[in-house]
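Whenever a hint applies, use it, and build me the whole structure from the sequences.
Residue-level listing of the chains:
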Amino acid sequence: RKEVEQDPGPFNVPEGATVAFNCTYSNSASQSFFWYRQDCRKEPKLLMSVYSSGNEDGRFTAQLNRASQYISLLIRDSKLSDSATYLCVVIETNSGNTPLVFGKGTRLSVIA
Amino acid sequence: DAGVIQSPRHEVTEMGQEVTLRCKPISGHNSLFWYRQTMMRGLELLIYFNNNVPIDDSGMPEDRFSAKMPNASFSTLKIQPSEPRDSAVYFCASSLSWLADSYNEQFFGPGTRLTVL
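The listed protein sequences derive, respectively, from chains A and B. Under the working numbering, the first residue of the first sequence is numbered 93, with each subsequent residue one higher. Under the working numbering, the first residue of the second sequence is numbered 2, with each subsequent residue one higher.
Possibly wrong hints are sitting among the right ones.
[Claimed, not checked] With beta-carbon atoms standing in for the labels, derived distance ranges:
no. : chain 1 : residue 1 : chain 2 : residue 2 : range
1   : A       : P106      : B       : M40       : 25 to 33 angstroms
2   : B       : N51       : A       : G146      : 39 to 47 angstroms
3   : A       : K134      : B       : P85       : 21 to 29 angstroms
4   : A       : D99       : B       : E15       : 32 to 40 angstroms
5   : A       : G108      : B       : M41       : 44 to 52 angstroms
The set of hints was computed from the structure by calculation and includes no laboratory data. Quick reminder that beta carbons are idealized off the backbone N, C-alpha and C, glycines included.
Given below as structure tokens:
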């Protein structure tokens, strides 16, 4: 079974804090990686892709470490509205089987 | 623009009954996915279609589950007979296309919350 592991949290942080989550994957053939955000009782929505060289989108930074087989998401200057569950997604091309696996998510709660 | 539409939003049924969940993907999207989400197992891909053809159903838990996509604008996920352990939120998602070497963003519907008593 393909494994994608995330710390479920919750991560309780004050507004303005910097917080980081990791997501480890077991299949070295994994090719593409993404972070999705899911609000309580809502559907997941794409937050950002994760590129090999790392990428940034405003307060959010995503990085990939192939050697250690994990991706990370860094959120700077946390806002109350960042409170959500963050799901990592790992995609394995040419897998011949279920090609995409979601992690169970890390719950973030930003406190005023 | 309408996003992915799912119905019903909530379903409560008794064990042994047939349940049919419905999904209308975003117009122009060629790939459709069915997921199940529970606290214990997280979000699991059940089956996906490309151009109305089922590509991979290895995530379907057992023969009680079946999915169809008779045309580009409609898909169903059926559970017959339903069991209490099928209680979960079922999401449908669509994307422009799903190819082995590329990824297009998946847009999720609001989900169907299923409770089997």
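Now the hints, each set against the structure:
| no. | hint | verdict |
| --- | --- | --- |
| 1 | A:P106 <-> B:M40: 25 to 33 angstroms | 27 angstroms, holds |
| 2 | B:N51 <-> A:G146: 39 to 47 angstroms | 31 angstroms, violated |
| 3 | A:K134 <-> B:P85: 21 to 29 angstroms | 25 angstroms, holds |
| 4 | A:D99 <-> B:E15: 32 to 40 angstroms | 38 angstroms, holds |
| 5 | A:G108 <-> B:M41: 44 to 52 angstroms | 34 angstroms, violated |
Against the hints set out earlier in the document, violations occur for numbers 2, 5.
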